[in-house]
Amino acid sequence: MPSPDLASLPLAAFEDLAALSARRSARWRPGLAARQGPALHSEIFASSRDGAGAGAALALALDDWRSLPQQDAGEVRHPRSVLWVQTREAARRGGRPYRAGLPGDLPARVIHVLAEKAEDALFALEEGLRCRDLAFVVGEIAGNPRALDFTASRRLTLASEKHGVPLFLVRLDAARDLSSARMRWEVASMPSSAPRWNAQAPGPPRWRAELFRARAHAPGEWTLGEEAGRLVASKAQREADEAVAGWTAGLRLRRSPRRA
Amino acid sequence: MSVEVTEARPRRILSLWLPALAMDRWHLTIAERGGVPAAGPLVLIADTAHGPRIEAVDRPAAAAGARKGMMLADARALCPEIATAPADPAGDLAFLEQLALWAQRWGPWSALDAPEGLLVDVTAVAHLFGGEEALLADVHAAFAQRGLALRAAIAPTAGAAWALAHYGPERAIVEGRAGIMRVLAELPVAALRLDQDVVTVLRRLGLKRIGDIAGIGRDAIQRRFRNRKLRTANPLIRLDQLLGRVSEPLLPVIQEAVPLVQRRLLEPIRHRQLLDRVVADLARDMARELEAQGQGARRLELGLWRVDGEVVVRRLELAAATRDPAHMLRLFAARLDDVDAGFGIEMLRLRASWAEPLALDQNDIEARAESHGTSLAGCIDRLIVRLGAKAVSRPVPYASHLPERAQRWQPPLEPEPTSQGLLEFHSRPRKLLDKPEKIAVLYATPDGYPQRFRWRGEVHDVARVEGPERIAPEWWRERGAARLRDYYRIEDGQGRRYWIYRQGLIGDGRGGVPDWYLQGLYA
Chain A
2 MPSPDLASLP LAAFEDLAAL SARRSARWRP GLAARQGPAL HSEIFASSRD GAGAGAALAL
62 ALDDWRSLPQ QDAGEVRHPR SVLWVQTREA ARRGGRPYRA GLPGDLPARV IHVLAEKAED
122 ALFALEEGLR CRDLAFVVGE IAGNPRALDF TASRRLTLAS EKHGVPLFLV RLDAARDLSS
182 ARMRWEVASM PSSAPRWNAQ APGPPRWRAE LFRARAHAPG EWTLGEEAGR LVASKAQREA
242 DEAVAGWTAG LRLRRSPRRA
Chain B
216 MSVEVTEARP RRILSLWLPA LAMDRWHLTI AERGGVPAAG PLVLIADTAH GPRIEAVDRP
276 AAAAGARKGM MLADARALCP EIATAPADPA GDLAFLEQLA LWAQRWGPWS ALDAPEGLLV
336 DVTAVAHLFG GEEALLADVH AAFAQRGLAL RAAIAPTAGA AWALAHYGPE RAIVEGRAGI
396 MRVLAELPVA ALRLDQDVVT VLRRLGLKRI GDIAGIGRDA IQRRFRNRKL RTANPLIRLD
456 QLLGRVSEPL LPVIQEAVPL VQRRLLEPIR HRQLLDRVVA DLARDMAREL EAQGQGARRL
516 ELGLWRVDGE VVVRRLELAA ATRDPAHMLR LFAARLDDVD AGFGIEMLRL RASWAEPLAL
576 DQNDIEARAE SHGTSLAGCI DRLIVRLGAK AVSRPVPYAS HLPERAQRWQ PPLEPEPTSQ
636 GLLEFHSRPR KLLDKPEKIA VLYATPDGYP QRFRWRGEVH DVARVEGPER IAPEWWRERG
696 AARLRDYYRI EDGQGRRYWI YRQGLIGDGR GGVPDWYLQG LYA
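Here the protein sequences come in this chain order: A and B. Counting from 2, one number per residue, gives the positions in the first sequence under my numbering. Counting from 216, one number per residue, gives the positions in the second sequence under my numbering.
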């Protein structure tokens, strides 16, 4: 399939307001939560051999949390807690959260749940999503347990959307199965950017993140990184541009018959 | 020490002594069960390392020569037909506690005087009974009705009342503090509530009566007992307490009503649906009970009495005080799944064995849960009920430099312990493995850190390194051969960041070639 170049699209495509707004909203970028609200149910696929999954999940969650307008002054004084649910298998493979290494003010906010089975972890996740006093919920589940099927992920999505508590579910060493997650990422570690003083040392973390399925955004690939505690995403790669173009063109094609 | 008690009107203390408490209680228990006690001599015994020892004797046994504290074998030698029953000191104490509460009919508060006495404060209440003689008569009548032997006395101090009850004349009353010495001078020194060895010492000194001690002057006794700081070992302190020169604090018994509701069922229930309904009723009753007391439950115990005599108990601990019936019901519903009803459940009882004050504000966790989500405490309760209390926790800092000791887990809603802040330049990993995992170093640089290593069956090439950060062993805690750790922060060719350490140094004399471990994963 010949890929349409963005610049060569006919002007009519941009006159189509629906397509235009779609294109505007199509691209994911950090801080988008300020305009669109938080991403409510995200899945992050990662390997258990490194800390990329949990690292990226926390970075995404904190980015959303910071860009949301804070409701009241009480929130500043007593920030809401964060529920971190792990199955025992996930904790065995990827370790448990370590207070001294958590970013920002998270150390004092984390409540950890260690579940024996995936069923228990799903129960804990759902209870966490129903709790109005939580900022967000982080889950870590290893592999593809039978309990985590499409129905279970749909339950999580509905609970999350009903109560507005975002869920970031890290899937360690898992295959991309069926899921109703609104955004699905595949994250792997990347060589870190050079630190300022010691060129030999590892710098601030960077990840290669592929958004391979999302409801409100075009898929794409980014280099995510943390700089001074904030999430930065460097420019999308070429194939992502093509995907956006294809997606927008698809929208245009889909719209035109209805308009006629 | 010698605080003068300056009160215009002295207190009036009623001392009750039940000389045969254990034996009386045993007879009462037998009578309650419908049995007839044997007429022969009876002793209550306790097992000791040297065989059974007599704890209490009844009148025929005492006449036959048995005494408290004697070995049973010796008593058997005097009187072979002696009957025995086990003593129950814990039961006696519980009975005494009940008696203390019951004795509050004669005064606003009462205190235990274990093992077989009570003290009741009857200051300014005697006129309600028509004078102190009438009060004592009433007390004797009431105890006689319960079948308990009693000696009672009233005096301005607890010490004097005790002495009179134990060693004084029947129904003694001492008016005013000035009269104490006059009445008590003739009593033996044992009436001072002293240890047995002190009484022996006094007797050998020729001081047999309380009047003798008061007669020879304080200085001599002060010198003899100057090292005895304990009340029960120093006759001067006891004498001062007896005379009211030193105040003697008494610990009153206060009845605390545990919120409790129960349902007896006409027909034993065997089905879950009915059980849920009864539990819902109980939860509602409990909520009302707690509301009346202005309290919220922290621990709930649900007892299920089965027809065949089994009692099933389900306990529940709550993260925050609550009295919301729907919340209680929901938590119990998860705990009742494995109850075996057997032939049916005939009684249910719900107790809030731990309650805390709770203001009147929280009323409908469950209704709000539908619309706005649960509160944090409610959420944690639900998690704990299903997953167990250990599964839900939060990390708190602990004063240690060893990474795995520097973090502890505690229940989620407890306040965080104070701690020293972290140093900015100490970089710590985001996640720590449960146990440091050994890595096989395939090739090390001359600087000492590994260039290539194998972890969990995969080879990593180290691209960037920072370190070492040296953490010495905690010599005050660990054994002497513990080795230090050199931590390195590394990144491999694919950008995976780890925290590894070498345990020990080459040639530190604490073992062979040091091992390498991987402990943490950086983001």
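Hints listed in this document are in silico derivations from the structure and should not be mistaken for laboratory results. Quantities reported herein were computed from a predicted structural model and do not represent experimental measurements. Possibly wrong hints are sitting among the right ones.
[Stated by the list, open to error] Partner residues are not named here, just some residues of chain B that face chain A (Cβ under 8 Å, in silico): (1) E390; (2) G391; (3) A604; (4) R609; (5) S615; (6) Q622; (7) P630; (8) E631; (9) S634; (10) G636; (11) R667; (12) R669; (13) E673; (14) V674; (15) R704; (16) G710.
Quick reminder that beta carbons are idealized off the backbone N, C-alpha and C, glycines included.
Hint by hint, here is what the structure shows:
no. : hint : verdict
1   : E390 : 64 Å, violated
2   : G391 : 62 Å, violated
3   : A604 : 12 Å, violated
4   : R609 : 5 Å, holds
5   : S615 : 11 Å, violated
6   : Q622 : 5 Å, holds
7   : P630 : 11 Å, violated
8   : E631 : 7 Å, holds
9   : S634 : 10 Å, violated
10  : G636 : 10 Å, violated
11  : R667 : 16 Å, violated
12  : R669 : 12 Å, violated
13  : E673 : 7 Å, holds
14  : V674 : 12 Å, violated
15  : R704 : 6 Å, holds
16  : G710 : 4 Å, holds
Checked against the numbered hints above, the structure violates hints 1, 2, 3, 5, 7, 9, 10, 11, 12, 14; every other hint is satisfied.
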